[in-house]
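Residues in the sequence shown are numbered consecutively from 1, following the UniProt record's numbering.
There's no promise every hint is true.
Stated by the list, open to error - Derived pair list, reagent style DSSO-like, types lysine-lysine, alpha-carbon separation capped at 27 Å:
| id | residue 1 | residue 2 |
| --- | --- | --- |
| 1 | 5 | 61 |
| 2 | 210 | 254 |
| 3 | 15 | 135 |
| 4 | 108 | 135 |
| 5 | 5 | 135 |
| 6 | 254 | 295 |
| 7 | 15 | 35 |
| 8 | 61 | 178 |
| 9 | 108 | 295 |
| 10 | 178 | 210 |
| 11 | 35 | 61 |
| 12 | 116 | 254 |
| 13 | 35 | 5 |
| 14 | 15 | 5 |
| 15 | 116 | 135 |
| 16 | 108 | 61 |
Said to hold, decoys possible - Here are the simulated distance ranges between beta carbons:
| id | residue 1 | residue 2 | range |
| --- | --- | --- | --- |
| 17 | 126 | 91 | 35 to 45 Å |
| 18 | 44 | 126 | 19 to 29 Å |
| 19 | 183 | 53 | 34 to 44 Å |
Just so you know, the hints here were simulated from the structure itself, not pulled from any lab data.
Treat the numbers as computed from the prediction; the structure is a model and nothing was measured.
Just so it is clear, CB atoms sit at the ideal spot from N, CA and C, and this is done for glycine as well.
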Amino acid sequence: MITFKQIEALYWANKLGTHAAAAERLHTTQSAVSKRITEVEEFLGVALFDRSGRTMQLTAKGREVLEVGEEILQLRDRLLERMGKPVDVVRRYRIGVTELIGLTWLPKLVQEMREKYPLVSIEPEIDLSTALTTKLQRSDIDLAIIPLTATGPGFTAVPLDTMALQWMCSPSLTDTSKTLSLGEIAQHPILMQIDTSGVDAVFDRWFQAKGLSIRRMYAGNSLSALSALTVAGFGVSYLPDLYFGDLVEQGLLKRVPVDEPLPTVRYYAVYRNDGPVEFSADIAALAQRLCDFRKPQFTPRPASPAA
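Work the whole structure out from these sequences, hints included.
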């Protein structure tokens with residue numbers, strides 16, 4: 001008899017390319033994955049993989065078995081989820097978010113997920129959006145919250161809120177009492193994250209569409225470093241207005257009025273369609289409800305009484 005674990009071993013070994021990667025995905029050992037695949041081959045009396053080359057390739061029979069096996073796994077997942085048992089399908093869930101999400105509403109999202117799914121191991125990861133897109137495409141994460149969508153029919157992108165950005169600079173850098181043109185803004189160095197940032201990729205295209213030639217000054221891959229360099233007067237930057245508004249109130253930054261407003265940037269919760277789809281859809285719905293780009297106000301926990 002063929003088991004779900006054996007079908008899963010075949011599925012992930014083919015999808016990820018190696019038994020070692022499949023073992024990591026299934027939280028087991030490489031030898032266990034190899035044993036499960038061998039057991040299927042012995043039971044059916046066919047070779048599932050062509051092992052003569054440097055990489056594993058499914059045989060014709062292997063493709064037939066995998067096609068039916070995928071249908072079996074999808075039906076199993078649908079049954080368990082309809083019976084209200086998504087935690088039996090998902091034991092580990094990896095979420096990739098950008099730094100801004102990590103600084104704002106990620107803690108609320110993780111807290112609600114842990115309360116709703118206490119048996120699921122939630123693993124957040126923070127990175128630039130283009131890197132997160134690549135990880136999602138490689139199945140290294142299950143869901144990404146990013147300001148761009150993964151393309152292709154294999155993904156679902158759920159729209160979240162838009163983020164407003166504002167030109168900001170040090171009060172000592174320029175006169176902010178008058179409205180500037182984009183050309184006048186471009187006379188200053190434009191501080192931005194490295195070119196793998198999804199937001200900066202959006203604005204690069206926007207600058208090009210406006211025919212604007214800018215002097216880029218890269219601040220690495222950290223939003224916090226970008227804001228610190230802006231406060232220090234190294235240039236002008238476009239920053240999330242809700243999050244950095246307190247620095248304006250403190251007099252460390254000034255909003256620069258410009259005759260043409262910056263476009264807003266929409267975030268998306270993007271997940272794979274070959275994973276736990278109903279579980280991912282529920283997490284995306286949580287993200288829709290919790291999405292908030294304001295800087296959180298943390299209340300310290302009361303001190304424990306002295307012994």
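Status of each hint after checking the structure:
1. 5 / 61: Between residue 5 and residue 61 the Cα gap is close to 19 Å, so the pair holds against 27 Å.
2. 210 / 254: Cα-Cα ~24 Å, so holds.
3. 15 / 135: This hinted pair holds, its Cα atoms lying about 14 Å apart.
4. 108 / 135: Distance of about 23 Å is within 27 Å: holds.
5. 5 / 135: 24 Å, holds
6. 254 / 295: It holds: about 18 Å lies between the C-alpha atoms, which stays within 27 Å.
7. 15 / 35: Answer holds: residue 15 to residue 35 is near 18 Å, not above 27 Å.
8. 61 / 178: Status violated; Cα separation ~72 Å.
9. 108 / 295: Given pair residue 108, residue 295 holds - Cα atoms ~12 Å apart, limit 27 Å.
10. 178 / 210: 21 Å, holds
11. 35 / 61: Holds. Residue 35 to residue 61 sits at ~18 Å (cutoff 27 Å).
12. 116 / 254: At roughly 42 Å apart (the allowed maximum being 27 Å), residue 254 and residue 116 break the hint.
13. 35 / 5: 11 Å, holds
14. 15 / 5: Given pair residue 15, residue 5 holds - Cα atoms ~15 Å apart, limit 27 Å.
15. 116 / 135: 26 Å, holds
16. 108 / 61: Between residue 108 and residue 61 the Cα gap is close to 47 Å, so the pair fails against 27 Å, i.e. violated.
17. 126 / 91: 35 to 45 Å: Violated: the Cβ-Cβ distance is about 22 Å, outside 35 to 45 Å.
18. 44 / 126: 19 to 29 Å: 44 Å, violated
19. 183 / 53: 34 to 44 Å: 58 Å, violated
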